[in-house]
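K.L.:
Next come the chains, spelled out residue by residue.
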Amino acid sequence: MRLEPRSDVPVHLAVLAPAGAVVLALALTAIPLLWADVPVGQAYALIFEGALGSRFALTETLARATPLIFTGLAAAVAFRARLWNIGAEGQLYLGALTAVAVASGAFVAPPAVMIPLILVLGALAGALLMLIPTVLKLRLGVDEVVTTLLLNFVVLLFVSMMIEGPMKDPMGMGWPQTAPIIDEAVLPKLIDRTRVHFGLILALVAAVAVWVLVNRTTWGFEMRAVGANPAAARFAGMPVTRVMLRVGLISGALAGLAGVGEVAGLKGYLTLDLSPGFGYSGIVVAMLAQLNALAVVVSALFVAVVFVGADFMSRSIGVSSYLANLIVATSLLTMLAASLATRYRLRLR
Amino acid sequence: MSEIVEILLSVSLWTAALRIASPLILGTLGELICERAGVLNLGIEGIMTAGAMAGWMAVYQGADLWTGVAFAAAIGMILGFIHGVFTVPLGLSQHVTGLGLTLLATSLSYFTYRMILPDVPSPPRIEAFQPLAIPFLSDLPIVGPALFKQTALTYFALAAVAAVAFILYKTPLGLAVRSVGENPAAAEAQGIDVYAIRIGAVMVGSGLMAVGGAFLTMSAFNAFFFEMVAGRGWICIALVVFSSWRPGKALLGAFLFGAFDAFQVRLQQVVGGDIPYQIFLMLPYLLSILALIVMSRRAAYPKALMVPYRKGER
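From first to last, the protein sequence lines stand for chains E and A. Sequential numbering from 616 applies to the first sequence in my numbering. Sequential numbering from 852 applies to the second sequence in my numbering.
There may be inaccurate statements among the hints.
Ranges between beta-carbon positions, derived for each pair [claimed, not checked]:
(1) A:Q1120 to E:G720: 30 to 40 Å
(2) A:A1036 to E:L631: 32 to 42 Å
(3) E:R839 to A:A1003: 48 to 58 Å
(4) E:P891 to A:L968: 13 to 23 Å
(5) E:K783 to A:W917: 44 to 54 Å
(6) A:E857 to E:L887: 33 to 43 Å
Bear in mind the hints are in silico, worked out from the structure with no lab data behind them. Heads up, the beta-carbon is just placed ideally off N, CA and C, and yes, glycines get one too.
Construct the complete structure from the given sequences, taking the supplied hints into account.
P.N.:
Set out below in structure tokens:
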């Protein structure tokens, strides 16, 4: 019995493997549900109902998927070039902080100016933050996994310092939060009286743009080549350093946009609970999508369904909502195992 | 200035230094074993969380302290086994598997904690390890209380450094671990089962990480909090690079880190008010990044680190 690499992936496997992985993950998370004495079928039905069962539920899921698409794309772009950006959480917060710094009354301009401005500056903040670990990796050989992870803690403390210090809302009754974003900079709602905002459109556009970039341009070809084999890419005359810098900047910018969307589309002001780990969930989203930018949209929706649905379920029957993280983490591992099926064939002999 | 000298000469600083270092010593040692065998284990943050929860919960449910430690280690080894199977025979990405394991272990720990204790107003405390003064030695000035008036788990961490160094450099088993991390094909030619040694190393390493996590709940805070590991696992990974994959230097790195952390807390009390406290809290993370930058240039990574090995393939 041995594994042989496949040269091409049959379509049915490319679809069946992720689907099978998700089913297996749901089956595995039935174990803690059984332990919690919850009827498994009812629990999953409640997740489904809470995430997709009504117009309100659907809009909640779309709102939750928006940042996940951005962070999922951030991870997908970086991982494709084997640049391990685990710092999307920090980049998200820095993007949000930048948006608030610009748009909470320092000056006022019409929405046509304000909104593009905070999007560009937020993306830039995320990109510049990711530039640090990228340059450290390229110039000094410092492993970017650890630096991006540690920078998350640094950025969160920095944000905490700003919202308790210089950027604290004087009208905030002492709560550690920034002043609200001015109306001119708030992202318009897509559907009235819901939380779905313009960020969703941006996220979808970003997904298409990233897909085109990675799969249909020279830059994308270089990124994939560098990821597959940096030595060979260098030998073929590709500017490996420049490609990696590009990847780092794009990845950081996407994560920064997630932060702008959350703060300017949803919350309106910045607190330390802006993101319940969207940066980390983005890694799962990217892996479930097998790093394909268009599939990121689908897997972000799946992860959003799990989060929104599990919240609903835990409110209905009192199971800890950490179950959502459990389902998502298990999906990541089963997906990883399933990816073997698409890359190798089992040969009995 | 005189205040800084006073801090540096205080007994409490050096006692705290070793106490803060203890979980890092165990975590760094665990990661070091994994990486020496060629496997990066990014599950460390989650494994430490699981160890912290499991050890504490066992004692809270009535087990004695050492049973709690053993239980934490066992949980760590099970998680390590998952990481080992995914990354060694299946050859899956060590980065992604490790991060997935951290997510899994963390959420499983939190879920379990909430399952067993659905509504406790504040985290319950246990009767934890108490400082154990070693006769005569603990009477030495400064060094005495700092080194010889610690809890049993700290002594365990120090003994683990010696044991790992001995096994790694003086025994055939250690040679096997190092060789599968440097040149698995050559190791296989010597009749060493690369898969078994790698999975075994990841399991033992993960067990040590879990005990490092258990130190937090059983020897430092005496209770379990959400997010209490707070990046210590990632700091351990930086410390492994800092140590050049040597147990002795890992001890040194963790101790220096502990001393620095203990120092910044005390400095904060002296100069606090003028400088936001977040600056002080950032320092440990920035220091780890700095240590990485300084050491990375001459980092002698195990040659086969992160390279999956397939039998019969070159």
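K.L.:
Now tell me if each hint is right for this structure.
P.N.:
Comparing the hints with the structure gives:
At about 36 Å, the CB distance of Q1120 (chain A) to G720 (chain E) agrees with the hint of 30 to 40 Å. Between A1036 (chain A) and L631 (chain E) the beta carbons are some 35 Å apart, a value that agrees with the proposed interval 32 to 42 Å. With their beta carbons about 53 Å apart, R839 (chain E) and A1003 (chain A) fall inside the hinted range of 48 to 58 Å. Roughly 22 Å separates the CB atoms of P891 (chain E) and L968 (chain A), a value that falls within the hinted 13 to 23 Å.
Between K783 (chain E) and W917 (chain A) the beta carbons are some 48 Å apart, a value that agrees with the proposed interval 44 to 54 Å. Checked against the given bound of 33 to 43 Å, the beta carbons of E857 (chain A) and L887 (chain E), roughly 35 Å apart, stay inside it.
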